[in-house]
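J.: Chain by chain, the residues:
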Amino acid sequence: MYKEICSKYEATKDNLIYILHDIQDTHPQHYISDEAVTAISEYLSIPPNHIYGVLTFYTMYSTKPRGKNIIRLCESPPCYIKGSENILRKLKVLLGVDTGETSKDGQFTLELCACLGVCGNAPVMMINDNVYGDLTEEKVVEIIEKVRRGN
Amino acid sequence: MKFFRTHVLIGISETSLNAGVQNFIKFLRQELAIADLSEEINILETGPLGFFGKGICVTVYPENINYSDLKIEDIPELIDEHFLKGRPVKRLLLDSGSKFSPKFNYETRIVLRNSGIIDPENIDEYIGAGGYEAWEKALTQMQPADIVNEVKASGLRGRGGAGFPTGVKWSFTAPLDAPQKYVVINADEGEPGTFKDRLIMEGDPHQLLEGIMIAARAVGATKAWIYIRGEYKLCIERLLHAIKQCREYGILGTNIFESGFDLDIDIKVGAGAYVCGEETALIESLEGNRGNPRWKPPFPGVKGLWQCPTVVNNVETLANVPFIIKNGAEAFKKFGTPECTGTKVYTLLGDVAHPGLCEIDMGTTLRTIINDYAGGMKQGFKFKAALVGGAAGVFLPDRLLDVKMDFSSLNQYAAVLGSGAIMVMNEHQSIVDILWSILRFFRHESCGKCAPCRNGTQQLYKLITKIKSGNGSMDDVEMMQTIAETMLNTSFCALGQSPIMAIRSAIENFKDEFIEITKK
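Which chain is which? The protein sequence lines are A and B, in order. Note that the first sequence covers residues 31 to 181 in the working numbering. Note that the second sequence covers residues 11 to 530 in the working numbering.
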């Protein structure tokens, strides 16, 4: 499967970031496995250490298996002063996880991230590709319920 | 052309999409058809409208009435009351209690002149609004050197934060004899509190493309890359669509307008790293590496992407260029101050009555921006400080409210205009707390290449955490300043040189708070 994804892109190093995005999005657990790194390394003829270097540098990639839905809560100053810490606490209780962990049912992984550029509606989080703004603790409960039902 | 008596502008943005704007539009069209108004009322899906109501926001012309937080259930009432009887539905108006109209936000418009007015997905509307005239002029009537000189004469300075004169930057690359040159657009907007570039791209993607084309012609680049954040899904979609339209229209491609000039623009999506806003780190990232900054010199203008001469410009900077080329440097210089010409797009956040974005002349005072464009402070709150420029910015107290907002005036106060983020805080907010959040951000975003920044950001975070918890002393406060100053003098790139800004301005202007919290 990894080879197939790789072959969609020209075998040049600058496509590494794209290939990583694609593999991660395609994987049901949204992460880059050791096997994937080996496959990319062979395809692009670059050493695995370079790929790991890139992989661990950018916050959007993960080397660990994650849940079906990835929650990324903004912790930058504009969201912080609007109470993102309360939202984080609520999410932790709601999902029974700490930051960086995946809920037992494998549905959600909770992550923190830097500014998402939607500060007009702080506090903000993204679940997969969707942005949720003007969060309150009540709203978070609703959103999580909705996403859970959607599955 | 069809004539409509009323135009309903609906803002399509991340927020409104989330609130279900697409269903809203579908239902609105259906209801208008039932009421037999489809021929009279035009629905226009456009970019951000320039005010931040919640959820789905709509502006109705010619009355210029703003609604916010609309629901599907409100549609029958809107049609019945407003569209049929001409009586705006008061309970749905944006901030119905105030006389202030957020539309004033757009008093001076260069960059945002089309945003919220034309359909950003339709190239014909952009052309209809005078778009691509500057590109044609640059290509058929001007030599590359003329373009560089015109932009130099306009005094345009980079809008990404540093404020380097754009024309001068181009003049380094333009005369170089190289088989390949590039233009790279920094759309990796990561400064906390900044989202101007997102709104420029969502609202008027073609204007940015036109700016890129002119820049490419000026320096002789035949390929341009837009490096954009992976989170900006809507921008990516709109830009890809706009590029496709340009190729179809022959505005991009080979032998454009029979001039012999070839150009193509492509998009590269980032993967989340604040440091990639630094131009050499961005280039590293484009090449498929870790986003570690490079040693300068050589500057990217001489040796950049794949060792070729590369001009790196911010989105807002290039969005100004079509205006300059079309109307001339003199027209541009009518805006702003003699030293800092043109306008600046600000994002206004925090405890103001109307958070949002606005484009205003350079050199407007912070007081005017807050009072006239953001509607003053939120009711019941008093101004304490504004964090100007995001995390790499400074805290301005009320005694500095009358400082002019431009690159040189702010410099006198060791402040920066930065990316144009203005975060307003009320008297109950703790500066120490916000500084903690800023230093946590830097700790996370340091790329780790150089020791001063890698270790410094860790130590700063430790110290501020200690101070915040009430266990710190004034010695710790002083130590923070010493570390940040060392970082300023020794860090490899601007990231490590930035924390001093917030730290120094916080301690200088709000010393009492530090004394108080360390006394406990």
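The reader is advised that the hints may include incorrect statements.
[Claimed, not checked] In silico lysine-lysine, DSBU-like type, Cα no more than 35 Å apart, as pairs:
(1) A:Lys38 to B:Lys254
(2) A:Lys43 to B:Lys521
(3) B:Lys459 to A:Lys33
(4) A:Lys94 to A:Lys33
(5) B:Lys243 to A:Lys176
(6) A:Lys169 to B:Lys313
(7) A:Lys169 to B:Lys478
(8) B:Lys64 to A:Lys122
(9) A:Lys33 to B:Lys64
(10) B:Lys243 to A:Lys134
(11) B:Lys233 to A:Lys98
(12) B:Lys343 to A:Lys122
[What the hints assert, rightly or not] Sample of chain A residues with no beta-carbon within 12 Å of chain B, all distances over it, derived:
(13) Lys33
(14) Gln137
(15) Asn160
(16) Glu167
[What the hints assert, rightly or not] In silico contact screen, one side only, chain A against chain B (beta carbon under 8 Å); selected entries:
(17) Glu72
(18) Asn79
(19) Gly83
(20) Leu146
(21) Gly147
(22) Ile157
(23) Val161
(24) Glu168
I should point out that these hints are in silico values taken from the structure, not numbers from a laboratory. It should be emphasised that the depicted structure is a prediction, and the values quoted were computed from it without experimental measurement. Backbone N, C-alpha and C define an ideal beta-carbon position, used for all residues, glycine too.
J.: Each hint should be assessed against the structure and marked as holding or not.
T.: Hint-by-hint comparison with the structure:
{"no.": "1", "hint": "A:Lys38 to B:Lys254", "result": "20 Å, holds"}
{"no.": "2", "hint": "A:Lys43 to B:Lys521", "result": "50 Å, violated"}
{"no.": "3", "hint": "B:Lys459 to A:Lys33", "result": "32 Å, holds"}
{"no.": "4", "hint": "A:Lys94 to A:Lys33", "result": "20 Å, holds"}
{"no.": "5", "hint": "B:Lys243 to A:Lys176", "result": "22 Å, holds"}
{"no.": "6", "hint": "A:Lys169 to B:Lys313", "result": "50 Å, violated"}
{"no.": "7", "hint": "A:Lys169 to B:Lys478", "result": "29 Å, holds"}
{"no.": "8", "hint": "B:Lys64 to A:Lys122", "result": "26 Å, holds"}
{"no.": "9", "hint": "A:Lys33 to B:Lys64", "result": "45 Å, violated"}
{"no.": "10", "hint": "B:Lys243 to A:Lys134", "result": "30 Å, holds"}
{"no.": "11", "hint": "B:Lys233 to A:Lys98", "result": "38 Å, violated"}
{"no.": "12", "hint": "B:Lys343 to A:Lys122", "result": "53 Å, violated"}
{"no.": "13", "hint": "Lys33", "result": "19 Å, holds"}
{"no.": "14", "hint": "Gln137", "result": "20 Å, holds"}
{"no.": "15", "hint": "Asn160", "result": "6 Å, violated"}
{"no.": "16", "hint": "Glu167", "result": "17 Å, holds"}
{"no.": "17", "hint": "Glu72", "result": "16 Å, violated"}
{"no.": "18", "hint": "Asn79", "result": "11 Å, violated"}
{"no.": "19", "hint": "Gly83", "result": "5 Å, holds"}
{"no.": "20", "hint": "Leu146", "result": "5 Å, holds"}
{"no.": "21", "hint": "Gly147", "result": "4 Å, holds"}
{"no.": "22", "hint": "Ile157", "result": "10 Å, violated"}
{"no.": "23", "hint": "Val161", "result": "4 Å, holds"}
{"no.": "24", "hint": "Glu168", "result": "15 Å, violated"}
Hints 2, 6, 9, 11, 12, 15, 17, 18, 22, 24 from the earlier list are contradicted by this structure; the remaining hints agree with it.
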